[in-house]
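Start from the sequences and build out the full structure, keeping to the hints where you can.
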Amino acid sequence: MFDHVRNRKLSNHNSNPLMAVFNLTINNEDFKVDVDPQMPLLWVIRDFAGLTGTKYGCGIAQCGACTVHLDGNPVRSCSIPVSSVNGQKVVTIEGLSDKGDHPLQLAWEEMDVPQCGYCQAGQIMTAAALLKEKPQPTDQDIDNLMSGNICRCGTYNRIKKAIHLAAKGGKS
Amino acid sequence: MSISTMNRRNFLKIGITAGGGLVLGLEWLSSCNPAGSGGAEAAMQTLNAFIKIGTDGLVTIMAPNPEIGQGVKTSLPMIVAEELDVDWKNVIVEQAPLDTDKFKRQVAGGSGSVRESWEPFRTAGATGRQMLVNAAAAQWQVDPATCTTAGGMVLHKASGKKIGYGELAEKAATLPVPTDVKFKEPNAYKIIGTRTTNVDMKAIVTGKQKFGIDTKREGMLYATVVRPPAFGQTLKSFDDSEARKMPGVSNVVSFDNKIAVLGRSTWEVMHAARAIKAEWQDDGKLESTADYKANFVKALEKLPKESKRKDGNIKKAFASAARTFEATFECPFIPHNTMEPMNFFADVKADSVELHGPIQLPDRARNTIAEKFKIPKEKIRVSMTRMGGGFGRRLMTDFVEEAVAISQLAKAPVNVVWRREDDMSGGYYRPMALYKYKAAVDASNKLIAWHHHSVGISGSTARENNFPAGAVENLQVDVHDYKSPVTTGPWRAPIHNYIAFAEESFIDDIAHQLGKDPVAFRLELLEQAKAKPVGQCDYDPDRYAAVIKKAAEMAGWGQPKPQGVYQGIGAHYSFKTYVAQVAEITNVNGQLKISKIYCAVDCGTVINMSGAENQVEGSMIDGLGHALYGELTLTKGKPDQSNYDRYRLIRMQEAPAVEIQFIRNNEAPTGLGEPGLPPVGAAVANAIFAATGRRLRSQPFMNTGNVFTMERKAEV
Numbered sequence: 001m002f003d004h005v006r007n008r009k010l011s012n013h014n015s016n017p018l019m020a021v022f023n024l025t026i027n028n029e030d031f032k033v034d035v036d037p038q039m040p041l042l043w044v045i046r047d048f049a050g051l052t053g054t055k056y057g058c059g060i061a062q063c064g065a066c067t068v069h070l071d072g073n074p075v076r077s078c079s080i081p082v083s084s085v086n087g088q089k090v091v092t093i094e095g096l097s098d099k100g101d102h103p104l105q106l107a108w109e110e111m112d113v114p115q116c117g118y119c120q121a122g123q124i125m126t127a128a129a130l131l132k133e134k135p136q137p138t139d140q141d142i143d144n145l146m147s148g149n150i151c152r153c154g155t156y157n158r159i160k161k162a163i164h165l166a167a168k169g170g171k172s
Numbered sequence: 001m002s003i004s005t006m007n008r009r010n011f012l013k014i015g016i017t018a019g020g021g022l023v024l025g026l027e028w029l030s031s032c033n034p035a036g037s038g039g040a041e042a043a044m045q046t047l048n049a050f051i052k053i054g055t056d057g058l059v060t061i062m063a064p065n066p067e068i069g070q071g072v073k074t075s076l077p078m079i080v081a082e083e084l085d086v087d088w089k090n091v092i093v094e095q096a097p098l099d100t101d102k103f104k105r106q107v108a109g110g111s112g113s114v115r116e117s118w119e120p121f122r123t124a125g126a127t128g129r130q131m132l133v134n135a136a137a138a139q140w141q142v143d144p145a146t147c148t149t150a151g152g153m154v155l156h157k158a159s160g161k162k163i164g165y166g167e168l169a170e171k172a173a174t175l176p177v178p179t180d181v182k183f184k185e186p187n188a189y190k191i192i193g194t195r196t197t198n199v200d201m202k203a204i205v206t207g208k209q210k211f212g213i214d215t216k217r218e219g220m221l222y223a224t225v226v227r228p229p230a231f232g233q234t235l236k237s238f239d240d241s242e243a244r245k246m247p248g249v250s251n252v253v254s255f256d257n258k259i260a261v262l263g264r265s266t267w268e269v270m271h272a273a274r275a276i277k278a279e280w281q282d283d284g285k286l287e288s289t290a291d292y293k294a295n296f297v298k299a300l301e302k303l304p305k306e307s308k309r310k311d312g313n314i315k316k317a318f319a320s321a322a323r324t325f326e327a328t329f330e331c332p333f334i335p336h337n338t339m340e341p342m343n344f345f346a347d348v349k350a351d352s353v354e355l356h357g358p359i360q361l362p363d364r365a366r367n368t369i370a371e372k373f374k375i376p377k378e379k380i381r382v383s384m385t386r387m388g389g390g391f392g393r394r395l396m397t398d399f400v401e402e403a404v405a406i407s408q409l410a411k412a413p414v415n416v417v418w419r420r421e422d423d424m425s426g427g428y429y430r431p432m433a434l435y436k437y438k439a440a441v442d443a444s445n446k447l448i449a450w451h452h453h454s455v456g457i458s459g460s461t462a463r464e465n466n467f468p469a470g471a472v473e474n475l476q477v478d479v480h481d482y483k484s485p486v487t488t489g490p491w492r493a494p495i496h497n498y499i500a501f502a503e504e505s506f507i508d509d510i511a512h513q514l515g516k517d518p519v520a521f522r523l524e525l526l527e528q529a530k531a532k533p534v535g536q537c538d539y540d541p542d543r544y545a546a547v548i549k550k551a552a553e554m555a556g557w558g559q560p561k562p563q564g565v566y567q568g569i570g571a572h573y574s575f576k577t578y579v580a581q582v583a584e585i586t587n588v589n590g591q592l593k594i595s596k597i598y599c600a601v602d603c604g605t606v607i608n609m610s611g612a613e614n615q616v617e618g619s620m621i622d623g624l625g626h627a628l629y630g631e632l633t634l635t636k637g638k639p640d641q642s643n644y645d646r647y648r649l650i651r652m653q654e655a656p657a658v659e660i661q662f663i664r665n666n667e668a669p670t671g672l673g674e675p676g677l678p679p680v681g682a683a684v685a686n687a688i689f690a691a692t693g694r695r696l697r698s699q700p701f702m703n704t705g706n707v708f709t710m711e712r713k714a715e716v
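Sequences listed follow chains A and B, in order.
Oh and the first sequence: position 84 is 84 in our numbering, straight run, nothing missing.
Oh and the second sequence: position 705 is 705 in our numbering, straight run, nothing missing.
One thing to keep in mind: the hints can contain errors.
[Claimed, not checked] Listed below are several chain B residues computed to face chain A (Cβ distance under 8 angstroms; list not exhaustive): (1) 201; (2) 311; (3) 649.
[Stated by the list, open to error] Between beta-carbon pairs, the in silico distance windows are: (4) A:147 / B:378: 57 to 63 angstroms; (5) A:132 / B:216: 48 to 54 angstroms; (6) B:640 / A:50: 36 to 42 angstroms; (7) B:185 / A:133: 50 to 56 angstroms.
If you are wondering where the hints come from, they were derived from the structure by calculation, not from laboratory data.
Yeah, the Cβ is synthetic: ideal placement off N, Cα and C, and Gly gets one too.
Structure, rendered in structure tokens:
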């Protein structure tokens, strides 16, 4: 993947004055990209690092599908230019846990949360940041922090239950 | 899977896999499928299936239907596994590509997958089981009737012998296919009715699940399309010189009044698309929301030439009525807003076309492409990805046609990705609709006349054989079809999604005006439909009444409530499923909060209890969100909303608590992707009426202003 990215850099676009080279650490892996500095982090993650778990929903930080962690904080990667990321550690859904066993991932499975599944990576990433901040969140805390993540399938109540379950430490 | 080992023309479709296992192809099922008789619709719904058993005992079950979040990739294989009698933990589910010769119905629509698969999928499982039993019996030289199965093993009680399916698979594959297999009794079910986790769960929560938008192939270009900004416009000219110079852009092509920008990454082409300078010209009428409103009102000034349904004589009935009632209801355009925007992959080569992506009607896509691009159908391969929602939008094929056109012009494999703005302003909306209802009662307050008069766009706005049809002696349904350049199409529970709001609100209105309890009034009507049904009646009055009674019981309907708690009921029958909901709202310091919605459902046998509850709860929250906030308006043909900053979808803090119960019966299962949605708007509107005395007659409710404040009715 890294080589793949390097190859891109060698493509004839690198002469374009609108582009610049950026070094990124995504899920503890180093990436180098040569792109327009305005390119949102989301698209670097998806199209250049090849990590497609982070989703595009709106492009204007309204739906939360693109949520990743930047130095541990949940951010809307669709609205953060790659040029502002230099040096910060990016964690995506693929890097949330080694074996897919983050308490939230297990709780999601236990509560059978997803329907279509498209928004769920963003939901989990937002919830993971919430739990770091508030290990025992109330319903109100969850409502407040999760209100930026849209689920058109309407799985909100299960998401809330799964967050409580993860906070309690697992199996219901 | 080794499809090639199967003889397609043979009645017995059996082959050995490379690993030596049994492949039970089930083409023959179409010949014994009861759904196979009865015209085009039945033919489309005819389905067959496919089982593969490895020598290791692992069972692969194909999921032929597209998965849009409705859960059929889990529930349909559960049906096969149940009758095959294997442990669910040993089942691997595989998404099948489009192959209607083999799988027949590969559709995500009309809440029909479970309903139409029930017979063929059980037959598939039970037939496989019987062949494995026959193989074991032959090996042991015993009567197959003395053998039983459990957890992927054949057992012979008398001798104490047992053997796993994996060891029998090869032998079973050589035996004749039995044709008169018996199904399990429901009380023996071990998988059907359980809470079974979504088969793609692990992939979804770890970000590994591929959706259409994630498709990437060697040499593939991303493309994004600039389309006419308004309905009724076409492309006059464009200048792409600036866009072509932008980073990552490799090509610009134009087709069908559209311009596509191609390049190495999604954002780069989206970004460059903004640099296209296009000039558009008017090609039709550029209508605004206000025009539709005015034209709809005008349309309802007279009756259409022909009625959709006429029972008795409404004219006479209204003339002799003791009392009449009238109400008008309005619903706006709404876009589908699947969380995954439209996208599709196409690779058009000289002698073949590959199509891959999120599509609810893959067969329609293939046929449309074959016809439009003059490509033989057999040269087109279609495979389906898991979809980030469908809601009817992906029944269309416009996004597939675009991908093919672009791939053909650019001579490259392409993934065409729509920006959210394109997706929301790109059409195929749930059309606007206006309903005018009139009803009458006789001197004993019996409902004797009902007139439905409505107008919508490009299609019907009525479900003329649904309740209260059948319960009213004099009933007439009149529908106008308004032609508009705005493209419209099915949206989750088409027609039901607004008619249920209108009718269930009107029935509530009549009940209140007559001083009747809204639940009792509905039951009275259903009693009439049962005792003396008038005309065609699609629903079963008893099952309909049962969900109403159940929801009322769950909610403690009619019992004293704490101060400031109000309830409203809505019920609706759609796609053969019966749903009743009681919305409960609470007055918190003058602000109304939807605190809970009780829901009773009769969908016959529940296949996956977890999936079923998820569907019903999700549709209720989805329906509530759209009833409260959903509206797309137009100004001179151009959508005013194009992203979530101006288009509001329901969010977590607005989702009420939900309690769901399923009527326990052994009826054949029906679908749940849609039926939970229609009643919720009326249930909430009727609860708001109960609290405030204000009738909501137009969606979205938020347009009414201060919809959640207590006014016009003092606290009790």
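Now for the hints, and whether the structure bears them out:
no. : hint                              : result
1   : 201                               : 5 angstroms, holds
2   : 311                               : 37 angstroms, violated
3   : 649                               : 5 angstroms, holds
4   : A:147 / B:378: 57 to 63 angstroms : 50 angstroms, violated
5   : A:132 / B:216: 48 to 54 angstroms : 32 angstroms, violated
6   : B:640 / A:50: 36 to 42 angstroms  : 37 angstroms, holds
7   : B:185 / A:133: 50 to 56 angstroms : 53 angstroms, holds
When each numbered hint is compared with the structure, violations occur for hints 2, 4, 5.
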